[in-house]
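Please model the entire structure based on the sequences and the hints provided.
Residue numbers (the working numbering), protein chains in the order written: chain H, 1 to 343; chain U, 1 to 117; chain S, 1 to 144.
Think of the hints as simulated: they come from the structure by calculation, not from any bench.
Predicted model only: the values in this text are computed from it and were never measured.
Be aware that one or more of the hints could be misleading.
Taking lysine to aspartate or glutamate and the DMTMM-like style, the derived pairs with C-alpha atoms no more than 25 Å apart in a straight line are [said to hold, decoys possible]: (1) 18/S - 242/H; (2) 80/S - 31/H; (3) 18/S - 198/H; (4) 25/U - 40/H; (5) 8/S - 192/H; (6) 117/U - 44/H; (7) 80/S - 116/U; (8) 27/H - 13/H; (9) 8/S - 229/H; (10) 80/S - 145/H; (11) 77/S - 31/H; (12) 77/S - 198/H; (13) 21/S - 268/H; (14) 14/H - 79/H; (15) 25/U - 192/H; (16) 8/S - 242/H; (17) 8/S - 256/H; (18) 21/S - 198/H; (19) 117/U - 273/H; (20) 4/H - 229/H; (21) 77/S - 322/H; (22) 25/U - 273/H; (23) 117/U - 268/H; (24) 52/S - 81/U; (25) 50/H - 116/U; (26) 25/U - 322/H; (27) 52/S - 76/U; (28) 18/S - 192/H; (29) 117/U - 31/H; (30) 21/S - 273/H; (31) 52/S - 53/U; (32) 50/H - 107/S; (33) 8/S - 193/H; (34) 77/S - 44/H; (35) 80/S - 229/H; (36) 80/S - 273/H.
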Amino acid sequence: MAKKLGRHTYRLEKTVSVSAWGSIGGKKEGEGPLGGAFDEIEPDARLGQKTWEQAECQLQLRAVDAACRKAHLMPQELDFILAGDLLNQCVSSAYGLRAFGIPFLGIYGACSTMSEGMVLASLLLEGTDAVRGGVVTSSHFCSAERQFRTPLEYGAQRPPTSQWTATAAGCAILGRQERPPYVRTVTIGTIEDKGITDAANMGAAMAPAAAATLAHFFEDTGTRPEDYDLILTGDLGQVGRDLLYQLAAEQGYRLEGLHQDCGLLLYDRQRQDVHAGASGCGCSASVLCSSILPRIASGALGQVLFLATGALMSTTMLQQGESIPGIAHLVHLSSRNHPERRC
Amino acid sequence: MEYLKAFVVGGLFCALGQVLIDYTKLTPARILVSYVVAGVALGALGIYQPLVEFAGAGASVPLAGFGNLLAGGVKEAVAREGFLGIFTGGLTACAGGVAAALCCALVMALVFRPREK
Amino acid sequence: MTDQEYAKRNQLASAPTKSWKNIPLAFLSGGAICTAGELIRQAALAAGLEEKTAALAVSLSLIAAASLLTGLGLYDKIAKHAGAGTLVPITGFSNAMTSPAMEFKSEGIILGLGAKMFVIAGPVIVYGIAASVVYGLILWLARL
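Dropping the structure here:
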């Protein structure tokens with residue numbers, strides 16, 4: 001059984017590793033610096049469907065397909081799948097995966113869904129006889145715009161703090177193989193809210209959650225940022241990153257040089273007009289599943305802390321004047337297994 | 001000269017709108033509502049109509065001009081019809097614009113679909 | 001860090017809007033739209049239309065043009081640079097009706113297209129008419 005460290009963290013006692021991963025991105029993601037790392041780039045934003053929601057369903061479906069193909073599995077061979085997305089009632093997951101017949105648990109963590117899913121999948125594998133399970137999440141610029149902001153053709157200016165919702169999906173398959181990347185430790189995030197109400201500045205709303213989760217992890221495990229090769233946050237963007245550094249510094253942790261943000265990796269901000277960076281569930285999921293997991297598998301990256309960050313608001317709560325609560329869940333991925341662990 | 005006046009006055013209305021976007025928390029929808037209501041008020045106070053006569057389209061095209069149109073319509077209707085004019089004046093005055101915007105939107109929505117960005 | 005302190009840090013970390021560029025662009029683009037309106041007005045007056053009808057011709061032309069540009073997917077591309085320059089003129093009202101009508105057609109032509117058409121422009125009509133009724137009431141009471 002996973003060993004509970006402190007109040008927030010669990011160290012896995014059995015071997016859990018990420019055995020395969022799949023990623024898909026849209027045209028803009030393909031034109032970004034990570035374009036070549038994706039399994040699939042789909043230039044048609046509608047993915048051959050009639051609506052944006054159906055298009056996003058396809059993103060999830062194809063990410064699962066890509067991951068299963070690489071794992072030499074039929075999707076039906078997964079013992080479970082944990083999936084979520086940004087659309088109301090997580091419809092991209094439910095409709096996108098309905099044909100597979102995999103035991104399904106829908107989860108909602110906004111843009112933190114990828115790490116939330118990996119935390120839960122790891123604990124499920126640790127605590128049961130399940131052999132392998134999938135985690136998948138997606139976002140689509142067009143379906144997110146129409147749900148959270150304005151119609152696509154509405155003439156509005158995006159403020160400099162705004163972020164661009166990625167049209168992308170990532171799927172990771174977790175199992176018991178004796179092969180990196182290994183999942184070593186997971187930390188469940190706490191909801192943090194510092195009173196940010198501006199929906200065009202998600203990074204600022206989420207940075208406190210990332211800082212809190214990191215602090216909890218370091219405290220619970222007795223480690224320091226320097227013990228890791230990469231600390232990878234989900235979609236803080238430029239504003240959120242700057243604020244995270246300040247919040248972490250206040251707690252005595254220096255992240256500069258060790259930290260990257262998926263929201264700042266997915267696009268080229270100079271060239272692609274995405275303002276403060278990328279966002280959306282698909283941002284962290286696709287960056288992790290395209291360019292980070294392979295580097296841990298190859299040993300190029302040793303110890304990685306992946307913490308996807310989510311903003312847990314709805315348009316209704318914002319219209320009622322509420323602020324934006326943030327959350328971040330952490331997964332410690334490693335190229336080496338813990339010496340005492342076994343399958 | 002007419003064109004210059006229209007350009008400068010219309011431009012100033014828009015520049016003010018941009019100041020509101022950049023320096024206040026007002027959303028575009030709130031700014032549009034404020035312009036129309038302000039237009040009704042300025043029209044009612046008799047300030048806006050002289051501006052329309054001075055700048056032509058420069059004052060009538062910005063949404064405040066839409067408000068002024070409503071105020072003018074109500075004024076005429078109350079003079080002509082009395083109590084009922086309170087309710088018919090505004091919509092009657094803006095009937096052309098609203099019906100046109102509505103029908104254009106309907107046709108465009110039937111013909112085109114939104115594009116990816 | 002208190003919420004107030006955090007709000008301050010947030011302000012420092014957030015890039016300011018480029019007002020030095022936005023405001024002149026809004027002035028120029030909004031001015032250009034009004035000048036186009038004035039061209040139509042002068043043409044209508046020259047064709048013998050009376051003042052009120054000429055004003056209506058201006059509104060209708062600009063509304064139709066903005067709606068078409070929205071349909072073609074061009075209006076938001078212009079508005080990205082023009083900002084309030086394309087928001088404040090009557091063209092912004094037209095865009096505010098056409099864009100949701102297009103967007104929500106996928107939910108059907110009644111509750112999608114028909115109902116959502118007013119999601120942005122509706123409040124303009126509601127409060128514009130309400131203000132005019134208040135003014136009308138004052139006028140009527142003043143006559144008693």
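Consistency of the hints with the structure:
no. : hint          : result
1   : 18/S - 242/H  : holds (20 Å)
2   : 80/S - 31/H   : holds (21 Å)
3   : 18/S - 198/H  : holds (18 Å)
4   : 25/U - 40/H   : violated (40 Å)
5   : 8/S - 192/H   : holds (17 Å)
6   : 117/U - 44/H  : holds (12 Å)
7   : 80/S - 116/U  : holds (15 Å)
8   : 27/H - 13/H   : violated (41 Å)
9   : 8/S - 229/H   : violated (31 Å)
10  : 80/S - 145/H  : holds (15 Å)
11  : 77/S - 31/H   : holds (20 Å)
12  : 77/S - 198/H  : holds (24 Å)
13  : 21/S - 268/H  : holds (23 Å)
14  : 14/H - 79/H   : holds (17 Å)
15  : 25/U - 192/H  : holds (24 Å)
16  : 8/S - 242/H   : holds (13 Å)
17  : 8/S - 256/H   : holds (21 Å)
18  : 21/S - 198/H  : holds (23 Å)
19  : 117/U - 273/H : holds (11 Å)
20  : 4/H - 229/H   : holds (24 Å)
21  : 77/S - 322/H  : violated (32 Å)
22  : 25/U - 273/H  : holds (23 Å)
23  : 117/U - 268/H : holds (16 Å)
24  : 52/S - 81/U   : holds (20 Å)
25  : 50/H - 116/U  : holds (13 Å)
26  : 25/U - 322/H  : holds (15 Å)
27  : 52/S - 76/U   : holds (13 Å)
28  : 18/S - 192/H  : violated (31 Å)
29  : 117/U - 31/H  : holds (14 Å)
30  : 21/S - 273/H  : holds (16 Å)
31  : 52/S - 53/U   : holds (12 Å)
32  : 50/H - 107/S  : holds (11 Å)
33  : 8/S - 193/H   : holds (15 Å)
34  : 77/S - 44/H   : holds (20 Å)
35  : 80/S - 229/H  : violated (40 Å)
36  : 80/S - 273/H  : holds (11 Å)
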